[in-house]
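If you're matching them up, the sequences are chains A and B in order.
The working numbering applies: residue 1 is where the first sequence begins, and numbers increase by one.
The working numbering applies: residue 1 is where the second sequence begins, and numbers increase by one.
One or more hints might be untrue.
Repeated chains share a single entry, so a pair holds when one copy, or any two copies, can fit it.
Pairs of lysine to any residue, SDA-like flavour, derived with a Cα cap of 25 Å [unchecked claim]:
1) K351 / R46
2) K263 / E377
3) K7 / D196
4) K263 / A372
5) K263 / H376
6) K263 / D373
7) K120 / G337
8) K127 / A240
9) K120 / H87
10) K120 / R340
11) K120 / V336
12) K130 / T233
13) K263 / G297
14) K263 / A380
15) K351 / V114
16) K120 / D339
17) K197 / E377
18) K60 / R200
19) K7 / L132
20) K120 / S335
21) K7 / G248
22) K120 / V96
23) K60 / E317
24) K60 / P318
25) K127 / A32
26) K351 / A380
These are computed hints drawn from the structure, not numbers from a lab.
Number of protein chains: 2
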Amino acid sequence: MSVTAAKGFTAAGVAAGIKANGNPDLALVVNAGPRRAAAGVFTSNRVKAAPVLWSEQVLKTGELRAVVLNSGGANACTGPQGFQDTHATAEKVAEVLEIGAGEVAVASTGLIGVPLPMDKLLPGVEKAAKELSEHGGEKAAIAIKTTDTLHKTSVVTTDGWTVGGMAKGAGMLAPGLATMLVVLTTDADVDAPTLDKALRDATRVTFDRVDSDGCMSTNDTVLLLASGASGATPAYADFAEAVTRVCGDLSRQLIGDAEGASKDIRVEVVNAASEEDAVEVGRSIARNNLLKCAIHGEDPNWGRVLSAIGTTNAAFEPDRLNVAINGVWVCRNGSVGEDRDLVDMRYREVKITADLAAGSESAVIWTNDLTADYVHENSAYSS
Amino acid sequence: MSVTAAKGFTAAGVAAGIKANGNPDLALVVNAGPRRAAAGVFTSNRVKAAPVLWSEQVLKTGELRAVVLNSGGANACTGPQGFQDTHATAEKVAEVLEIGAGEVAVASTGLIGVPLPMDKLLPGVEKAAKELSEHGGEKAAIAIKTTDTLHKTSVVTTDGWTVGGMAKGAGMLAPGLATMLVVLTTDADVDAPTLDKALRDATRVTFDRVDSDGCMSTNDTVLLLASGASGATPAYADFAEAVTRVCGDLSRQLIGDAEGASKDIRVEVVNAASEEDAVEVGRSIARNNLLKCAIHGEDPNWGRVLSAIGTTNAAFEPDRLNVAINGVWVCRNGSVGEDRDLVDMRYREVKITADLAAGSESAVIWTNDLTADYVHENSAYSS
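Next comes chain A alone, as it looks inside the complex:
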C-alpha cells in the first residue's frame, strides 16, 4: 500500500543499475492531484547532501508533483557536480512527466562521497515513469532500501481519507530530524501550511525520538504530499493524529530493523522538569555505548543508566533518581533498589524507565543495543 494507499498517487520502483548487485534502486512517486500541496523536514546536519539542498529549495513553493528517490548512493560530499547531478535528475523527471523541474523533490541514500552513475540513473527514471501505477507503492518502498532487511510501509485510513507512507533507514540513524528517507502521501484536502505543521508536530515526537546509533545522516528527508483526491477536509487534530500514527509506526519499524541490533530499547523518561529535559536525558541514555552493550548481554546494569543521566544538564538530584528495567525498579533514590535478578530481558523489546523526580513531563526515545553484528556490518560497509 505504502505511498499509493491514498487516492491520487502513483508510484514505481525499478532496478536502474545504480546498485552493483542489481537490486531495485530507483523509486518515483507522483501526485496526480487535484491538489499538489507538500511539506518536508530535513536533516539538521550542517553537511547536507545535494538532494537535500535541492529539495529544501523546491519545497519553498509548498507544492510538489513528484518525488524521485534513489538508493545506492547518497550524493553527499560530491561537490558542485553532485548538485548538477541532482538538478539533472529533477530535469529528467520533469521531462518524462511533462512538468517543471521545480515541482520535483529528489532524495538519495547510500555511501557518502561517491558520485552517482548518471548514465544509469537517468534511463532508470524513464523506466520508472513507464511503470507508474496506483499499485506501485510496495515496489517504491523496496527500491529505497540500503542495508534495510525489510521495506517499511504504513497506512492509516479514517472517515474516507488516508495517510500512507514508506521509509528506509537502518544505520546512521539519529535524526535531528530525521532519519533516512520517508515519503508520506494523503488524499485529504489539506493546504501546504497545514501539511507543514502536521508534519513538524509528528516528526518531533516520532522520527526525532529515534536514536539508533547517535549518528546523524547528511541525507535525512521526510516529505508529505497531499492530493486532495478524497475530497475530505479533516479537522487539524484528526489529520495530525493520523500523520503522527504513520510516522510513529514507521519510526518503530526503523528501530526494529536497525543494523545488527538484537534489542529494541524504549527509553522512557518520566517526572522531568520539562519535556526538553526528558528528551536530553533519554538521548543521553540511548547513546551510552556501555549501556547498549549491557542490554545486548541482557544485563540490567542500571549504574550505566545513572552515569548517563549524570552527564546531562537536566534538573534532578542524584539521590532522588529511580530506574526501572522492564518494570523492575532496580534503582531507588539513586541507590540499590529491587533485586536485579527479577529483571526478565529475554525478549527483543526492553523498556528502561528513568524517573527524574523533578516534575511532571516525559518523553520516549527509541534506540537499539550495541552488538558485534553492528560492528561487523559497519566495518565493511564501503569496502
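The hints should help you fit chain B onto chain A, whose structure is shown.
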C-alpha cells in the same frame, strides 16, 4: 617507579579480597613530607561516587597525607551507606597511620551500584600499611587495575626533582575531566595553589582529551601530591611541563589499553576558529560509532568524518572542509580528494586530520575504534 619515584612517598598494593578472583585490589600511597600539599580534579558527572564526594571535601584544605584506592567496586550509587563506607575507610587509614581522616583521600573503581565488602576492605588497609615501601609504586599501580590488561605508570625526572604517577582505566573512558583513577606525586617543593593550577592546566589538554567510548565515569579522580622532599623549587613553567608530560604519557597508555580496541585514533582538528571549536569537532568525530567501526575495518570512510563534523556548532563552511587519514587528503573542499586506496591503515595508530579552514586553532583528541571485542567485554561485565 610510579608514585614512589619521587622522594618522600611510600606505597603498597595488596589483595584484600574485594575482587573475587584474588587479584590485588587495594593500594595505599603515603606522603612523608616534609610538605603535604595536594590538589585534585574529579569527574564532572553529576552522579558522583561516595569517594569522589569525600575526596573533594578533604582536598579543600590543600593538604593530604595519604590516598587509599580500591578496585573491585566503585562505591557509586550506594546511598548513605556508601558514604559511610568511604568515611570508615578513611578512618581506618587514619588509625593505622596515626593521622587524621581528613588528611586521607579515597578513590574506588569497579562496578557501580554494589556496596563494598568492608569486612575485607578494612583488614586490607592494615595489610597495606604494613607493606608500605619506597619501592611499592608498581604494586600500587597493579592493585588499582580493573579491566586494564597493563598497569600504567610514568615518571619525569629533571634538575633534581621528579613527577611520577600511576593510572587505571580501560572503559567508561570519556573524562570530563577525567578518566579513571590517577595518583601523581612529586618531591618538588610546590604549594597547593600551584599544584592545583599545574594539574588543571595539564589535565585540560591530556586526560580531558581522551575519549575512548564517550561514557563518563562516576568515579574519575586525579590527585597530585607534593612532598617537597627534594628541596627543589622549580619555576612554574618547568613544573607544569613535567606534570603535563606525565599526564600525557598516562593518557596515551589508557588509550592504548582501552577495552577491546584494535586501533588508537589520533583525531587532530586544525585551522579551527577557536580551541573550543577544535575540541568540539574532535570529540564529535571521536564519538561517531560508524566512523569507529570503519576504522576498525581499516576503511578510510571520510564521509563519516564529515557527517560527524556536520553535527557540531563549530565555525566552518561544508565546502571548505578537508580531511586526511594517515596523511592522505581523501576529502578536499568537502568533496572527493585523493584516492582513498592510498591510505595505509595496517598499523595500530591511525591519524585523522580535520581541517576546518576557519582559523588557526587546533586540538588533539585520542580515541579508539569500536570492535566486537568491546561489545563482548561490556556485554558481560557485571554478570
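So, going through the hints one by one against the coordinates:
In this assembly of identical chains, K351 and R46 lie within 25 Å of each other by CA distance solely across copies; the values are 24 Å between and 33 Å within a copy. When the C-alpha separation of K263 and E377 is checked against a cutoff of 25 Å, the pair qualifies both within a copy, at 16 Å, and between copies, at 18 Å. In the homo-oligomer, the alpha carbons of K7 and D196 lie at most 25 Å apart inside one protomer (20 Å), although the nearest pairing across protomers, at 71 Å, exceeds that limit. Taking the shortest alpha-carbon separations for K263 and A372, both the intra-copy value of 13 Å and the inter-copy value of 16 Å come in at or below 25 Å.
For the homomeric pair K263 and H376, the shortest alpha-carbon distances inside one copy (17 Å) and between copies (15 Å) are both at most 25 Å. When the C-alpha separation of K263 and D373 is checked against a cutoff of 25 Å, the pair qualifies both within a copy, at 12 Å, and between copies, at 19 Å. For the identical chains of this complex, K120 and G337 are inter-copy neighbours only, at 24 Å across copies versus 60 Å inside a copy, given an alpha-carbon limit of 25 Å. Taking CA atoms no more than 25 Å apart as the test, K127 paired with A240 passes in neither setting, with 35 Å inside one copy and 69 Å between copies.
In this assembly of identical chains, K120 and H87 lie within 25 Å of each other by CA distance solely inside one copy; the values are 15 Å within and 72 Å between copies. In the homo-oligomer, the alpha carbons of K120 and R340 lie at most 25 Å apart only across protomers (24 Å), although the nearest pairing inside one protomer, at 56 Å, exceeds that limit. With identical chains, the CA atoms of K120 and V336 are at most 25 Å apart between copies only, with a shortest distance of 21 Å across copies and 60 Å within one. Proximity of K130 to T233 under the C-alpha cut-off of 25 Å is found in neither arrangement, the shortest distances being 32 Å within a copy and 85 Å between copies.
In the homo-oligomer, the alpha carbons of K263 and G297 lie at most 25 Å apart both inside one protomer (10 Å) and across protomers (24 Å), since each shortest distance falls under that limit. For the homomeric pair K263 and A380, the shortest alpha-carbon distances inside one copy (22 Å) and between copies (16 Å) are both at most 25 Å. Proximity of K351 to V114 under the C-alpha cut-off of 25 Å is restricted to the inter-copy arrangement: shortest distance 22 Å between copies versus 39 Å within a copy. For the homomeric pair K120 and D339, the shortest alpha-carbon distance between copies (23 Å) is at most 25 Å, but the shortest distance inside one copy (60 Å) is not.
In this assembly of identical chains, the alpha carbons of K197 and E377 never lie at most 25 Å apart, being 37 Å within a copy and 46 Å across copies at closest. Taking identical chains as interchangeable, the C-alpha atoms of K60 and R200 lie at most 25 Å apart only when both belong to the same chain, with a minimum of 15 Å there against 51 Å between chains. Only within a single protomer do K7 and L132 lie at most 25 Å apart by alpha-carbon distance; the minimum there is 14 Å, versus 83 Å between protomers. Taking the shortest alpha-carbon separations for K120 and S335, only the inter-copy value of 22 Å comes in at or below 25 Å, while the best intra-copy value is 60 Å.
Within a single copy, K7 and G248 get their C-alpha atoms as close as 22 Å, which meets the 25 Å cut-off; across copies the closest is 65 Å, which misses it. In this assembly of identical chains, K120 and V96 lie within 25 Å of each other by CA distance solely inside one copy; the values are 16 Å within and 80 Å between copies. Taking identical chains as interchangeable, the C-alpha atoms of K60 and E317 lie at most 25 Å apart only when they sit on different chains, with a minimum of 23 Å there against 46 Å within one chain. For a Cα distance limit of 25 Å, the shortest separation of K60 from P318 across copies, 22 Å, qualifies, whereas the shortest one inside one copy, 47 Å, does not.
With identical chains, the CA atoms of K127 and A32 are at most 25 Å apart within one copy only, with a shortest distance of 19 Å there and 84 Å across copies. Only between protomers do K351 and A380 lie at most 25 Å apart by alpha-carbon distance; the minimum there is 19 Å, versus 31 Å within a single protomer.
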